[in-house]
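Novice: Residue numbers (this note's numbering), protein chains in the order written: chain R, 1 to 295; chain C, 1 to 295.
To be clear, the hints were calculated from the coordinates, so they are not data collected in a lab.
The beta-carbon is built from N, C-alpha and C at its ideal position, and this holds for glycine as well.
Among the clues, some could well be false.
[Claimed, not checked] Label-pair ranges, simulated between beta-carbon atoms:
| id | chain 1 | residue 1 | chain 2 | residue 2 | range |
| --- | --- | --- | --- | --- | --- |
| 1 | C | Gly142 | R | Phe130 | 34 to 44 Å |
| 2 | C | Arg33 | R | Gly228 | 22 to 32 Å |
| 3 | C | Arg33 | R | Asp207 | 49 to 59 Å |
| 4 | R | Asp272 | C | Glu29 | 45 to 55 Å |
| 5 | R | Pro159 | C | Gly228 | 19 to 29 Å |
If you want the building blocks of each chain, they are given just below.
There are 2 protein chains.
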Amino acid sequence: MWIRVLGAAAGGGFPQWNCGCPQCRGVREGTLRAQPRTQECVAISSDGDGWFLLNASPEIRAQIESFPPLHPRAPRDTPIRGVLLTNGDLDHWLGLLSLRESQPLTVWATETVRAGIVEHNAAYRTLARFDGQCVWRRLRPGRSDQLMPGLTVEAIAVPGKPPLHLARLLAVGDEHTVGFVLRANGKSLAYFSSVASLTAPIRDALDAVDVAFFDGTFWSSDELIRLGVGDKRSEEMAHIPVQESLPSLARARCAQRFFIHINNTNPILRDDSDERASISSAKWQVARDGLEIHL
Amino acid sequence: MWIRVLGAAAGGGFPQWNCGCPQCRGVREGTLRAQPRTQECVAISSDGDGWFLLNASPEIRAQIESFPPLHPRAPRDTPIRGVLLTNGDLDHWLGLLSLRESQPLTVWATETVRAGIVEHNAAYRTLARFDGQCVWRRLRPGRSDQLMPGLTVEAIAVPGKPPLHLARLLAVGDEHTVGFVLRANGKSLAYFSSVASLTAPIRDALDAVDVAFFDGTFWSSDELIRLGVGDKRSEEMAHIPVQESLPSLARARCAQRFFIHINNTNPILRDDSDERASISSAKWQVARDGLEIHL
């Protein structure tokens, strides 16, 4: 399995357009030991030929251009065989609308996530210009599906909540957020980029795979409040803070493990922060744009 | 007046994610005398302090980061005082959804364009989380409005059509597309990035200003068909081809004039093409990312 991180940041990216916090300022000015990151998107392939994207960030055009194996090989073409969505947050699917230009596309998502996009947004009709332009394949938590010969995905239910823009439009169900276990050639990857709390099925997945990606949005629960840039605690945004998840995650049995979906305010973005040292001690790393893993 | 082109390409950008035409291939491989371009977005300022964006491309995050005067100067802040939309095409407004993070925003558009975005897309609710988050100011063709002290915009009706994703949802009216004449400090800019046909008011505007930007989407009417990458003529997409507009545009009296919203297939993107030589002879240039004009 070939894994390429196209973007490792949470919604807004790092730096964030309207953020002048010390970290965003520092990375813009080059005075911080940290590298900029675009919004979360990961490409995976089991054969190096066909690719699947985990989430579709608004920055997908530049992300595709940054990685030659994703470039077209004919006048109208793409090696992208499908996009898998973890939830309906805007930073996870707005990029779908940039994958138009009459290119057939397959999107894997739960029915809840599909409905939130397709049934409530006229903009989505750009992907429904002809029959078969966008084919939706339903993910069901607990079930394993074949993405292509030799590559499967199992969706794992994850505690989450509906995205803010769908509040009161969608029923509160249990399919708002999923994680993935992808398997190919005897190797496996667990992908949980949005996690409100650590459940037994998530822990089991982290013990059973070779590589894991996990929600690294916030370091602490009151991070935004303390910096004066927001009034919500991480729990209200359905993200378990790293400070809280780390003791359990340190015991996970997967060999390579990365935090992803990192918010611009999270101190683990700084190569020389105490918080980065803590996660390094626990044998976790921070995903960055351009990171590649070959299994 | 300070003008900065943040992106000069049509929807899809140059290169386009799923396009392997000779030009997209050549610019990716570095074998073409052409520079990559992101999707259309232009920043203007009359005082170097507050800025207005003409259209909001899906790539707006990287475009803002590319130009330091647009960076925040406080923990949560933006010098962007407003966004002006020429029409409701996705490549012109998807970027609005990336200008969230609870930042107050002012958007100038016709009522038709506003309704197409606000009333038909749940995703838009990300900009309606609190009263006053996104304030819409109505543009009316033929009327001049003050954007900020010393800077005015006059909207000019332009022949156009509703965006494809709104077909059958919006009534066919005459406010689907506008151009702008912006005036400050005795200087003026005409901006027409989507033009189905050259009308008298457009010609008058091009004669009356110091700088003009004009629709350079396609060189020829059958460009997509001839390349085998599409089945529509430029007229069906509400863009007058440069080949057809150039004889009239050559006579425009503005001193500095640029084609913008250039499709990846348009040969004027190549610095050494015959088509580029034609427009140079007519004293027109091709806008590129990073171009700056000070008036």
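Novice: Hint by hint, say whether it matches the structure.
Specialist: Hints, one by one, checked against the model:
no. : hint                              : in the structure
1   : Gly142(C) - Phe130(R): 34 to 44 Å : holds (38 Å)
2   : Arg33(C) - Gly228(R): 22 to 32 Å  : violated (49 Å)
3   : Arg33(C) - Asp207(R): 49 to 59 Å  : holds (55 Å)
4   : Asp272(R) - Glu29(C): 45 to 55 Å  : violated (38 Å)
5   : Pro159(R) - Gly228(C): 19 to 29 Å : violated (49 Å)
Violated hints, in rising order: 2, 4, 5; the structure is consistent with all others.
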